[in-house]
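Visitor: Residues per chain are reported as follows:
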Amino acid sequence: MKTVTVVGASLAGVYAARELRAQGFDGRLVIVGDEPHRPYDRPPLSKGFLTGSVYEDQLALTDDQESAELDAEWLLGVRARGLDARGRTVLLDNGRTVSTDGVVIATGASARRLPGGDLVGVHTLRTLDDARVLREELTRGSLRVVVIGGGFIGAETASSCAALGHDVTVVEAARLPLVPQLGPEMAAVCAALHRRAGVGLVTGTGVAGLRGSGAMPPQGDPTGGRKATAGGRKATAGDGSRQAVTGVLLADGRTLPADVVIVGIGATPNSGWLAGSTLALHDGVLCDDGCVTGLPQVVAVGDVARVGGARVEHWTSATEQPRVAVGNLLAGRTLDTVRSVPYFWSDQYGARIQFAGRRHQDDTVRITEGALEDGAPAEGGFLALYERDGRTTAVLSVDRPRPFMRARRELARSADPVEQAAL
Amino acid sequence: MIPVCRLEDLPVGESIVVDTTPPVAVFNADGELYAIDDTCTHQDASLSEGWLEGCLVECPLHAASFDLRTGQPTCLPARRPVRTHRVTVDEGVIHVHLAAEEGTAA
Chain A
1 MKTVTVVGAS LAGVYAAREL RAQGFDGRLV IVGDEPHRPY DRPPLSKGFL TGSVYEDQLA
61 LTDDQESAEL DAEWLLGVRA RGLDARGRTV LLDNGRTVST DGVVIATGAS ARRLPGGDLV
121 GVHTLRTLDD ARVLREELTR GSLRVVVIGG GFIGAETASS CAALGHDVTV VEAARLPLVP
181 QLGPEMAAVC AALHRRAGVG LVTGTGVAGL RGSGAMPPQG DPTGGRKATA GGRKATAGDG
241 SRQAVTGVLL ADGRTLPADV VIVGIGATPN SGWLAGSTLA LHDGVLCDDG CVTGLPQVVA
301 VGDVARVGGA RVEHWTSATE QPRVAVGNLL AGRTLDTVRS VPYFWSDQYG ARIQFAGRRH
361 QDDTVRITEG ALEDGAPAEG GFLALYERDG RTTAVLSVDR PRPFMRARRE LARSADPVEQ
421 AAL
Chain B
1 MIPVCRLEDL PVGESIVVDT TPPVAVFNAD GELYAIDDTC THQDASLSEG WLEGCLVECP
61 LHAASFDLRT GQPTCLPARR PVRTHRVTVD EGVIHVHLAA EEGTAA
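If you read the protein sequences in the order shown, they are chains A and B.
If you read the first sequence in my numbering, its first letter stands for residue 1, the second for the next number, and so on.
If you read the second sequence in my numbering, its first letter stands for residue 1, the second for the next number, and so on.
No lab work stands behind these hints, which were simulated from the structure alone.
In this text, a Cβ means the ideal position worked out from N, Cα and C, and glycines have one as well.
Incorrect hints may have been included.
[What the hints assert, rightly or not] Okay, the calculated beta carbon distance ranges per label pair:
id: 1; chain 1: A; residue 1: Q23; chain 2: B; residue 2: C55; range: 34 to 42 Å
id: 2; chain 1: A; residue 1: T392; chain 2: B; residue 2: V12; range: 50 to 58 Å
id: 3; chain 1: A; residue 1: D288; chain 2: B; residue 2: M1; range: 53 to 61 Å
id: 4; chain 1: A; residue 1: D283; chain 2: B; residue 2: P22; range: 38 to 46 Å
id: 5; chain 1: B; residue 1: L98; chain 2: A; residue 2: G95; range: 18 to 26 Å
id: 6; chain 1: B; residue 1: E32; chain 2: A; residue 2: Q23; range: 29 to 37 Å
id: 7; chain 1: B; residue 1: R79; chain 2: A; residue 2: G309; range: 19 to 27 Å
id: 8; chain 1: B; residue 1: P11; chain 2: A; residue 2: D283; range: 45 to 53 Å
Build out the structure end to end from the sequences listed, making use of the hints.
Guide: This is how it looks when you write it as structure tokens:
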């Protein structure tokens, strides 16, 4: 291969570029990124970046030395808008095309939005630009913040807003947040973290809409229609025609007053640009277990990739898949597959949650170390094992990193067919 | 020079955090004592809670690995070294000699 184009300049794209060089690709390397920024790490955006303990320069994924060593052609602030049928030409939105022999698709996912979400004060949190705007807004006095969605982004953002002294309410449509990830028992434990921190948690009701200034004040709401003056938000030029959000209307008829609304209702894979290609798309780019698409010279990694039937949005997957994907790309066929045990973490309300494994719906869960207190993690946290047929399928830890690492390694060992054969 | 604990209170494979600013972790790696800055240079995590194997410690959050002898990262996502500090044992008590703030990280 003379030219490989990595489409996407975030975590998975950067790891793919590194792997290409590490695995001996010495041809032309083109990296296309739709954001204008150098590659940066997203997880701190909802945590330390919002609260002010992490600065922008600490988010950088590469330094000058590494960038030089990658010897890549960076096309930043440019969006890919098409891939030809043979997967040999990437079309860019600036009118340019890139002729290429191999393609790594790493275009990630975008935050899902709510209808009516263009009101001033309504945010999603995915990109550095999103986080900059939100962080700025959160410095404007004591605010009423409503977070829509109790998943990891929602919970972490709510935690950061509470740490900044704001009055925070989380709205979750399901009976409990995080049930698909953690199961009902442990989801209840994590939900207790919100309440312990004084954050309101409204569950079991969806959002019917957003209220803006100038709209009819909601009935029966003492603060309804009050202009968001707490933070002295100024309508700047360009905002002149936009209304400011004043509240969140729930499906059960209630309205939660809000100066700031953060929408954390998941992400959709950025695969729309591939609509005219021959690649199979269904909730992401369909790949085999080795990240290879229907075209052997096109692989996909990270949030946009549906690898072996599953699309995961974990940071660690985005760092692990590129090694396998790039190996297969350079080989021209699937030699290796991704076998790692899924892992994710979340920092909220001073607790560090870590999870590894594949939990199934009917797995049982038991706490093997530490304890609960009033339904929340006790001082010192706990370790919980998910089990089925006497086997451990997954492990959850709150503030117990050491035993968690041990359990995670055990899971990896028992999941590895090579290791198993040796037993 | 900061007293840490008695030698017998830090068995092989164990680690302890010294409450300095920034905190320092002392490891007993197969009988050899090492001290490094406790906080991973990638993101906020305590290396004393990491996975110790030989002279390497793996961060419990994102699996960055550091060589206890040099402080150098041996794999991503860490790209910067942690500081290393000299360790001595005097009359059965482990002591850490903090490296100067500047010029020792690399």
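Visitor: Run every hint past the structure and note whether it holds.
Guide: To see whether the hints hold, each was checked on the structure:
1. A:Q23 to B:C55: 34 to 42 Å: Hint violated: Cβ distance 27 Å, outside 34 to 42 Å.
2. A:T392 to B:V12: 50 to 58 Å: Because 27 Å falls outside the window, the suggested range is violated.
3. A:D288 to B:M1: 53 to 61 Å: holds (58 Å)
4. A:D283 to B:P22: 38 to 46 Å: holds (43 Å)
5. B:L98 to A:G95: 18 to 26 Å: violated (58 Å)
6. B:E32 to A:Q23: 29 to 37 Å: holds (35 Å)
7. B:R79 to A:G309: 19 to 27 Å: Because 34 Å falls outside the window, the suggested range is violated.
8. B:P11 to A:D283: 45 to 53 Å: About 50 Å separates the Cβ atoms of P11 of chain B and D283 of chain A, which means 45 to 53 Å holds.
Checked against the numbered hints above, the structure breaks hints 1, 2, 5 and 7 and satisfies the rest.
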